[in-house]
Each structure stands twice: as C-alpha cells, then as structure tokens.
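Protein chains: 2
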Amino acid sequence: MKSALSFLVAARECEIGELEQLALSSELVSLVGRLIHALQKERGISNVYLGSQGKRFAEQRAVQALECDELALHVRRRFDELYSGPHSVRNGSRLFGRIAAVLHGLDELAGLRERIGAQLLPAVESTAAFVRLISGLLAVVFEAADSANDPQISRALVAMFNFMQGKEFAGQERALGAMVFVGGTVADCEQRWQQLIDMQERCFQVFADFADPTALEAWRQQQHAPKFAELQRLRHLGRSLRGGAPIEAQLGQAWYDGCTERIDAMRIVEDTLAANLRALCERRIEQTRAELRDQQAILSTLSRPTSPHAPAPIGPQLERSILVMLQEQSSRLQAMSDELDTVRAALNERKVIERAKGLLMAARRLSEDAAYKLLREAAMNQNRRLVDVAERIIEARDLLGPKS
Amino acid sequence: MKSALSFLVAARECEIGELEQLALSSELVSLVGRLIHALQKERGISNVYLGSQGKRFAEQRAVQALECDELALHVRRRFDELYSGPHSVRNGSRLFGRIAAVLHGLDELAGLRERIGAQLLPAVESTAAFVRLISGLLAVVFEAADSANDPQISRALVAMFNFMQGKEFAGQERALGAMVFVGGTVADCEQRWQQLIDMQERCFQVFADFADPTALEAWRQQQHAPKFAELQRLRHLGRSLRGGAPIEAQLGQAWYDGCTERIDAMRIVEDTLAANLRALCERRIEQTRAELRDQQAILSTLSRPTSPHAPAPIGPQLERSILVMLQEQSSRLQAMSDELDTVRAALNERKVIERAKGLLMAARRLSEDAAYKLLREAAMNQNRRLVDVAERIIEARDLLGPKS
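As you go down the protein sequences, you meet chains A and B in turn. Once you know that position 69 of the first sequence is 65 in our numbering, the rest is easy, because the numbers rise by one and skip nothing. Once you know that position 14 of the second sequence is 10 in our numbering, the rest is easy, because the numbers rise by one and skip nothing.
Rather than coming from a laboratory, the hints here were simulated on the basis of the structure. Computed from a predicted model, the values in this text were never measured in an experiment. There could be a bad hint or two in this list.
Put simply, identical chains are the same to the list, so a pair is met inside one copy or across any two.
[Claimed, not checked] Here are the simulated SDA-like cross-link-like pairs (lysine to any residue), alpha carbons at most 20 Å apart as the crow flies: (1) Lys51 to Gln330; (2) Lys369 to Cys185; (3) Lys347 to Ser143; (4) Lys(-2) to Leu295; (5) Lys369 to Ala125; (6) Lys(-2) to Gly354; (7) Lys347 to Arg328; (8) Lys(-2) to Leu105; (9) Lys347 to Ser326; (10) Lys347 to Leu336; (11) Lys347 to Leu329.
Bound conformation, chain A alone (with noise of 0.2 Å):
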C-alpha cells in the first residue's frame, strides 16, 4: 500500500509531467506566433494587390505565400507530433478540435491565393478569409493558455495571447487603413476602425497587467517611438475619408510602411514573450524536480530497513518533516488555485463574448461575423464595453430563454 509521501512524490512528478506538456505548448504557441505574423503581412499585401488592381505587391505576394507555407509546413509537423495516443495531451479533445478547423483553414489558402490573383474577389472578402484562419490560429493559442495550471506559466501565456490577439487587431487595422488608402469604399468604416483601435488598446492592457517586465519595457520603449506618432496622424486622417475620393499615393504606402514597420517591431515583444515563457518553463521544471529529489530522498532513507527482519521506524522527527511537507503541499495548492482563479478571469472575457456571439448566431440566425458586428453595433450605441453588452446578453437569455 502507498504510503501519504509516496503521493505525494506522485503529486510532484504529475506536476512536472504537467510542466513538461506546458513547455511543449508554449513552443507550439511561439510558432503558431511567427505563422499568424506570416499571414498578416499577406493579407496586408494581397489587399494592397486587390485595391490597385493587380498593379502593386504582385512580386511581394509571391514571396510572402512562399514564406508562409514553409512556416505552416513548420506548425503542421509540430501538430502532427502533439499526438501519441488518447492521454497524451491534457485537453486534447478541445486542442484537436481546434487544429482541425486550422488545418481545413490552410488546405483551402491555394484555392484562396488562385481566386486573388486572378482578382476574383474584392479585398473585404479577402480579408475576411485571412481574418478566419487567423482566428483559428488564436483559438489554439487560447486553449493552450487555458488549459495551463501552473499559475506563473499561465499567466504568461494569457499576456502571449492578449499581445498576440491585439497585434491580430492591428494587422486588421493595417487592412483595413489600405483599403480605404487605395480609395476604396468600406461600409461603416470610421466605426469599424474605432473598434479596432478600442479592441487593441483592452487587448495590451491585459498583457500589460500579466506580461513579465522586460517585455513591458520593451513594449513602453515602442509606444514612444516618433514614427508611432505619425501612424496616429495617419489613423486620424484615414477615418476621415469616406471613400471613393482620389488620394495622393504615397499616403497608402506610409500608412502601409508605417503599420508594417509597427507590428514588425510587436513581433520582437512576441519573441521576448515567448523567450520568457520558454526560460520560465525550464526554471519551473527544474525547480520542481529539486523538491521530488528531495521528496524522494526521504522516501528512500523511510524505506531502507534497519536490520533485515524489521522495517524502518518512523521516528518522530521524520515524522515532523512528513507533516510539514503535507502542510506545505496543502497551502502551495490553495495558493495555487487562487492566482490561477485571478489569471483566468482575464480569459473568460472572450469567453463571455463568443457565447454571447453564439447566443445571437443562433437567436437570429446570423452568420459569426454579422454576430460580431452586431454586438460591436450596441457596444458603440451603449457606449459600453464589448464584454459588458455580452454580459448582458447572456444575463437576459438566462433570465428569459428557456433551460437549456
């Protein structure tokens, strides 16, 4: 029979074999990182293509298709190795889930190119494609996140992916500031930006209350940068144009340079973040080896009988040293789960707003982006956050709606 510090030598190897699969999600999270920046820039200069038509990026478009398929060859083998049976991966049914849609997102990305080469399609649409992979890329960042139980190691994933989902909504705004730049005609297009402008600033200041320092000097160092202020003046002027007005050319292309030139530098926050999480997992593992070591010593010294007929005795002081570590334990999981309570609220936001998302897909029958828009729509009108009107949706159906 298993003696109390056998498991609890159990309970630190469980720890570390928790760590490790941590260790190989933060890899696979700093990946799918460098892909979604990939894409970004695609879909900015597929745009650019789009709205000149044809005439500009038909080169860069090339090469930045070339680029990313080699790093989604990248990500595709790293999922391919995640999976090594029904208990290999804590919360796989939701990961798999989630690589799936990704996978089926990239098999459709040639037939995608074809259609925007040949112009097909107006850059909206295009946009819109490149916005759905992106954000099946982000959901399987989010469920890495969410399913980490180690609070320090969680709380810098939930900074990765806020950094990551608010760069995602200035790669939007980069899209979106070069269609209307090319002169293009973007329905309801001032409102639309001030989201996206609203959505990233909520998205870096949950970073900003998670992220370890050096990637928040990192970050402040960038806010200050004098081409961030030229951008802002650019941003103003933007919103302003109501499309279908003939403007000066190399407006598009500052306002192109300058967004790239932006997230660029956000990509180097990314890395930090990611070099972080990568160093932080070791030091966790190596730690919590330390104290099996430990553990396992004393195990050792219990289990080594004295003479050959007798086994060892428990002395008192052992026995003190067993208590103490039960204790210790006891209070370590408490704590545990009270830091881990804290950092997870941060992701129930967005959890809050996609089931209000869906509450509506299915109340109206719309589609997820008519949905989004919508909320965003009473958002504006309410003048209140995204997440306070999805609050009050839910309340509503649950007050209302029949039990489900």
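Following the hints, put chain B in place on chain A, whose structure we already have.
Structure of chain B alone, referenced to chain A:
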C-alpha cells in the same frame, strides 16, 4: 502530414480517454462516499461513548471501527491503482496532493481511537478530528468534480459533491446534538446549530439544481417522511438546551436514532446518484465511440487509393461532409464550454470560501477552524450568506493588500 479529419478523429479519441478517466474518478467518488458514511457513523458513536463516560456504545464503536478500516483498505487500494505514471491522471498534481493528506489522516486514526477509548480527549476534539479527515476526503471528491470537462458528467459530479457535503453537515449536526443531549456543554451551541442547518440547505439546493430527476425524486420523498417532522421537533428542543441540565436519556437516543435514520436514507440517494453517474459515463463513452467509428470510416475511405499509383481524390460530397463535421465540432466545443462554465460556477462558491479562510489564517495567524468560525460569526452578525462575507473579504484584500 495528418489531415484535418485525422485531427477530428484524434479529438474524439482524446474525448473518449477523458471520459474513461471520468468513469474511473466517478467510481472512486462513490467508494469514498461509502468510507465517509462509515466515518460519520463512527464520529457519532464516539460522541455518545465519550458523552456517557464510556458507558454506552462501547461495542458499536468497535464494530464501526472495523467497518471503517475495511472500507479504508478498499479506498487505499483504489488510490494505489490510480497512479501509473506522470501523465496517467488529469489534474494529478492536485488530486494526489489531496490523497496524501487523506492517507496521513487515516494513518492517525488508530491513535485517535486509542485516546477516545481511554476517554483522554473531549467529544469536541474527537469530533474535530473526524471532521478534518472527512473534509480531506471531500476535497478528493471536489478535485474529481473540478477536473471534469464533460458538462453532463460535470453536472452529475457537482450534484454528487454537494449532496455529500450536505450529508456531512447533517452528520456534524448529529454529532453536535449527541453532545448536547447527553448534557454536555458546547460553546456557541445555538449559533453553530443554526449554521449547520443553513449550510445543509444551501448544499441540498445546489444538489437539486444539478441532480437528475430520479435522484431528486428519491430525495423529495425523504423530505416528507413523518420521522423527519419528529426530528425537526428535537432540533428545536436541542437548540434551546443550555447544557449541563439533566435531560431524559431517551431524548438523546431518539435524536441519535432519528438523525442516523435520516443520514442512512441520504446514503440511498447517494447510491442512486452514483449509479446514475456510472450509467451516464458508460452512455457518453458509447456515444462518443460511435461518433469516432463514423469519422474513422470516412477517414479510411479517403486513404484507400482508387488505383495503386494515385491517392484517393476527395470528391465534393466528401469535402462537404468534412466541412459539416468541422462546423458541428466547433459549435459542440462552444456549447460544451458554455455549459461547463455554468456548472463550474457552482464549484466556485467553495473556492471563494476556502480563499477567504486562507486570507484570514494568514492575516490573523489563525488555525483553519478558527478562521472558519470567524467567517461564520461574521455571516451571522451581518445576516449574510457565508459566501457573500467571503467575497467581501477577498475584495477588501484585493483593494487594500499588497499585490502578490
């Protein structure tokens, strides 16, 4: 390179793995429930024994100790089977930490019984020792419920946990009454008694919110049994006793028998819950296996080459069916996640109370019991629910305390 479809299959395989794990946890929970029941009985018997200066229940005590030891042996064997490597159990680091604490408590049981037999400790302390051990066992059940990520099974486990917790408060009420009716003095007796009644009601309310209809019906019928009315009368009488006054001996016997009958009847509801949980797990596993077979059939159609030299082409119909599966998977994931959030909210209440207790213990250097007592008193004085007081304490600490 694996396809989107093979990841859908992997997701389903993981889901089956997770469900099988839940089936094992559910069996463990129901076995732990039997041990808790036996320990509750031993606690009550020990109190009568101590209260009567060893004159009554000496024989029952010996019989009951044997029953407890036998069940503890079963539970320990099941604990031992759980661990087969660091990836074998979801949430292993927390679960095994809780198990270690329980094993330590079981190891101390023999010493506790000796002191009770020699009447070396007051009934209040004996009760407290049993309460600690049982609360450790309930924490194991809680971890099992908290790690479930199938909403239906999670509902059933939340109902089960709350029922077991409510039954334990009923057991504590029996012990308290047993002390009072043998003429013992109990500090804050009336207040503690009322708290135990309130907490039972709260737990059984959550149970009623999440239980399946058959268990709920079994429970409702018990509530209308005529003997329950008699127990209410004794409750009322007991709470007004000031202690130390001479009481008719048969009142104490009637109280003990009435409570025991009620608690034994609860055990039947618990058995119904356990049987339904087992059936639910089997049904969910069978259902998911059938879905997996469908997906595997499509996958093997795809990988069967039409000629030895060419891979199978994906026809438009098959392409559509993969798309439909992806969409189904995605909305299933969303629906499961939403429902799970609702169920988990019921578990959070416990977490909030535990956290507030921890804060009080640290801030005022209190023992766990003293911190809990302080919380209960504050709830009484402010005429609020325990969880509301706990929430205020956490909020105040978040506002006032240093950021950890």
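Going down the list of hints, with the structure as the test:
Proximity of Lys51 and Gln330 under a CA criterion of 20 Å is satisfied in neither setting, with 62 Å inside one chain copy and 42 Å between copies. When the C-alpha separation of Lys369 and Cys185 is checked against a cutoff of 20 Å, the pair qualifies only within one copy, where the shortest distance is 12 Å, while the shortest distance between copies is 59 Å. Within a single copy, Lys347 and Ser143 get their C-alpha atoms as close as 14 Å, and across copies as close as 18 Å, so both meet the 20 Å cut-off. Within a single copy, Lys(-2) and Leu295 get their C-alpha atoms as close as 11 Å, which meets the 20 Å cut-off; across copies the closest is 44 Å, which misses it.
Taking the closest pair of Cα atoms, Lys369 and Ala125 come within 20 Å of each other only inside a single copy of the chain (16 Å); across copies the shortest separation is 58 Å, beyond that limit. In this assembly of identical chains, the alpha carbons of Lys(-2) and Gly354 never lie at most 20 Å apart, being 48 Å within a copy and 29 Å across copies at closest. Taking identical chains as interchangeable, the C-alpha atoms of Lys347 and Arg328 lie at most 20 Å apart only when they sit on different chains, with a minimum of 14 Å there against 28 Å within one chain. When the C-alpha separation of Lys(-2) and Leu105 is checked against a cutoff of 20 Å, the pair qualifies only between copies, where the shortest distance is 17 Å, while the shortest distance within a copy is 55 Å.
Proximity of Lys347 to Ser326 under the C-alpha cut-off of 20 Å is restricted to the inter-copy arrangement: shortest distance 14 Å between copies versus 30 Å within a copy. Taking CA atoms no more than 20 Å apart as the test, Lys347 paired with Leu336 passes in both settings, with 16 Å inside one copy and 11 Å between copies. Taking the closest pair of Cα atoms, Lys347 and Leu329 come within 20 Å of each other only across two copies (12 Å); inside a single copy the shortest separation is 25 Å, beyond that limit.
The structure is inconsistent with the numbered hints 1, 6, although it conforms to all the rest.
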